[in-house]
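Engineer: Turn these sequences into a full structure, and let the hints guide you.
There are 2 protein chains.
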Amino acid sequence: MIFKQLHESLSDTYTYLLGCETTGQALLIDPVISMVERDLAKVRQLGLTLAYSVDTHIHADHITGALELKRAVGCKIVTPAFDRLPCTDVPLKENATLQMGSITLKPLHTPGHTDGHFAYFAGDRVFTGDALLIDGCGRTDFQNGDAATLFRSVRDKLFALDDDVLVYPAHDYTGRHVSSIAQEKARNPRLGTAKSLEEFKEIMANLKLAYPKFIDYAVPGNRLCGACPPDLPESLEGYCRHMSASPQG
Amino acid sequence: MIFKQLHESLSDTYTYLLGCETTGQALLIDPVISMVERDLAKVRQLGLTLAYSVDTHIHADHITGALELKRAVGCKIVTPAFDRLPCTDVPLKENATLQMGSITLKPLHTPGHTDGHFAYFAGDRVFTGDALLIDGCGRTDFQNGDAATLFRSVRDKLFALDDDVLVYPAHDYTGRHVSSIAQEKARNPRLGTAKSLEEFKEIMANLKLAYPKFIDYAVPGNRLCGACPPDLPESLEGYCRHMSASPQG
Numbered sequence: 001m002i003f004k005q006l007h008e009s010l011s012d013t014y015t016y017l018l019g020c021e022t023t024g025q026a027l028l029i030d031p032v033i034s035m036v037e038r039d040l041a042k043v044r045q046l047g048l049t050l051a052y053s054v055d056t057h058i059h060a061d062h063i064t065g066a067l068e069l070k071r072a073v074g075c076k077i078v079t080p081a082f083d084r085l086p087c088t089d090v091p092l093k094e095n096a097t098l099q100m101g102s103i104t105l106k107p108l109h110t111p112g113h114t115d116g117h118f119a120y121f122a123g124d125r126v127f128t129g130d131a132l133l134i135d136g137c138g139r140t141d142f143q144n145g146d147a148a149t150l151f152r153s154v155r156d157k158l159f160a161l162d163d164d165v166l167v168y169p170a171h172d173y174t175g176r177h178v179s180s181i182a183q184e185k186a187r188n189p190r191l192g193t194a195k196s197l198e199e200f201k202e203i204m205a206n207l208k209l210a211y212p213k214f215i216d217y218a219v220p221g222n223r224l225c226g227a228c229p230p231d232l233p234e235s236l237e238g239y240c241r242h243m244s245a246s247p248q249g
Numbered sequence: 001m002i003f004k005q006l007h008e009s010l011s012d013t014y015t016y017l018l019g020c021e022t023t024g025q026a027l028l029i030d031p032v033i034s035m036v037e038r039d040l041a042k043v044r045q046l047g048l049t050l051a052y053s054v055d056t057h058i059h060a061d062h063i064t065g066a067l068e069l070k071r072a073v074g075c076k077i078v079t080p081a082f083d084r085l086p087c088t089d090v091p092l093k094e095n096a097t098l099q100m101g102s103i104t105l106k107p108l109h110t111p112g113h114t115d116g117h118f119a120y121f122a123g124d125r126v127f128t129g130d131a132l133l134i135d136g137c138g139r140t141d142f143q144n145g146d147a148a149t150l151f152r153s154v155r156d157k158l159f160a161l162d163d164d165v166l167v168y169p170a171h172d173y174t175g176r177h178v179s180s181i182a183q184e185k186a187r188n189p190r191l192g193t194a195k196s197l198e199e200f201k202e203i204m205a206n207l208k209l210a211y212p213k214f215i216d217y218a219v220p221g222n223r224l225c226g227a228c229p230p231d232l233p234e235s236l237e238g239y240c241r242h243m244s245a246s247p248q249g
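Protein sequences appear in the order of chains A and B.
First residue of the first sequence: 1, per my numbering; consecutive thereafter.
First residue of the second sequence: 1, per my numbering; consecutive thereafter.
Keep in mind that the hints were calculated from the coordinates and are not lab data.
Wrong hints could be hidden among the right ones.
Because identical chains share one entry, a pair is satisfied inside a single copy or across any pair of copies.
[As the list claims (entries may be wrong)] The calculated DSS-like cross-link candidates involving lysine-lysine, where the alpha carbons are at most 30 angstroms apart (straight line), are:
id, residue 1, residue 2
1, Lys157, Lys208
2, Lys4, Lys157
3, Lys106, Lys42
4, Lys185, Lys4
5, Lys201, Lys4
6, Lys42, Lys195
7, Lys4, Lys106
8, Lys106, Lys76
9, Lys106, Lys208
10, Lys4, Lys195
11, Lys185, Lys42
12, Lys185, Lys93
13, Lys93, Lys70
14, Lys157, Lys106
These numbers were taken from a predicted model, which means no experiment stands behind them.
Structural biologist: As structure tokens, then:
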């Protein structure tokens, strides 16, 4: 499998490029709208054709590149069926795998950060979205988030994977790139196996996080599979700015 | 490739098991003498046959399990040719790969922690021994160690690998399991690309580390491919204690 981890610095989002050496097809997990050109250039550089863009959930901190990628190269938009987005081409459910050449992407419904959140398991890697971060996890205080639900998602589904499965999160805010299931079980300070549900709920209830500055634009934009808002304040322009030079003008 | 990361807690050593699904052969990188039974049980459990034990260097903090593994199951002992160990079956040099079924292990001479230190590159993983640790590196103040040499090894050989190559170190003292070349380039506080050779030499010259408590037993023991010393003080027994119950009695 061809594999590239790509980084977007404004929201510290990781986008993952998976390519099949046999069919020459590629997919992108959690593409960011401002990085569509970079992503397409990387796909081309590897001699691949983009077949799918795949999102883990309706993001609150960036807008997906799905729609712009589809406009540019005709790839299919893949999102969790749970979210019922009309712009989706391939709605995914648990136990219904997405096959792309020799790559099998297995969706794991992992609600708690959002109710429709999915992780994707492929080979010896799991793309955990915001459900499980390195030494952390996504917040649970909006978009039907729920700490007890996230606890069960991580413990019952992600920690059920083999210890050596590589954990590739949707974000890291300190420059870390990868972890493993064994590492998160042992030392995740919120969700590690030494922590109880009650301890986790207390941690999540006391994070005192600020209201996400981009959420009011990102959520409706992502429900359209990636549309930049017309009324974006100048201070938030970076979240969409590259689109003026996109293949669509 | 079958892959398992195994941990020994006294010296916080990671041993790596690589298995070929086609031939059923396995190799162990940096096995620890006190964990030989655990390692052999893991090989058996996976339905594999141990073909090789491979060491990255002459360790100062633990004794290799190589000789005990050979006595138990007849595997071949692989070490860097540079070290000229008479007990070695397969001396490795740079650019001379070790092939085991579908697995190609590419030796990279990476001196600086010791003069004969090798890292091993296989697929999308590099086993970095003590040359490159997560956010750190091995010390350079004994066994012909040299900071400037280590700097060149890491910068010229390890950082020349693809950004997404997974870094599996010989040790981690805080429970981290894996990193990537991109991560170490960006945030290794000693060897990251923002650091100069002079800065690195200064860091290494001022670590003020204690004399390693096991080095006077480990180095001669490892020069014999894994022999426990007869005169081991009681306080250090854990480094060898499991051997009394080994397959060799």
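Engineer: So, for every hint listed, does it hold in this structure?
Structural biologist: Status of each hint after checking the structure:
1. Lys157 x Lys208: within (27 angstroms within a copy, 45 angstroms between copies)
2. Lys4 x Lys157: both (25 angstroms within a copy, 20 angstroms between copies)
3. Lys106 x Lys42: Result: close both inside a copy and across copies, 24 angstroms intra and 27 angstroms inter.
4. Lys185 x Lys4: both (25 angstroms within a copy, 16 angstroms between copies)
5. Lys201 x Lys4: neither (34 angstroms within a copy, 33 angstroms between copies)
6. Lys42 x Lys195: between (40 angstroms within a copy, 28 angstroms between copies)
7. Lys4 x Lys106: Cα proximity of Lys4 and Lys106: in one copy and across copies (19 angstroms, 22 angstroms).
8. Lys106 x Lys76: within (17 angstroms within a copy, 39 angstroms between copies)
9. Lys106 x Lys208: Neither, since 34 angstroms and 49 angstroms both go past 30 angstroms.
10. Lys4 x Lys195: For Lys4 and Lys195, the Cα distance is within 30 angstroms only across copies (25 angstroms; inside one copy 33 angstroms).
11. Lys185 x Lys42: between (33 angstroms within a copy, 20 angstroms between copies)
12. Lys185 x Lys93: Within one copy only: 26 angstroms inside a chain, 38 angstroms across chains, cut-off 30 angstroms.
13. Lys93 x Lys70: Only inside one copy: Lys93 and Lys70 sit 21 angstroms apart there, 49 angstroms across copies, limit 30 angstroms.
14. Lys157 x Lys106: The answer is within: 12 angstroms in one copy meets 30 angstroms, while 36 angstroms across copies does not.
When each numbered hint is compared with the structure, violations occur for hints 5, 9.
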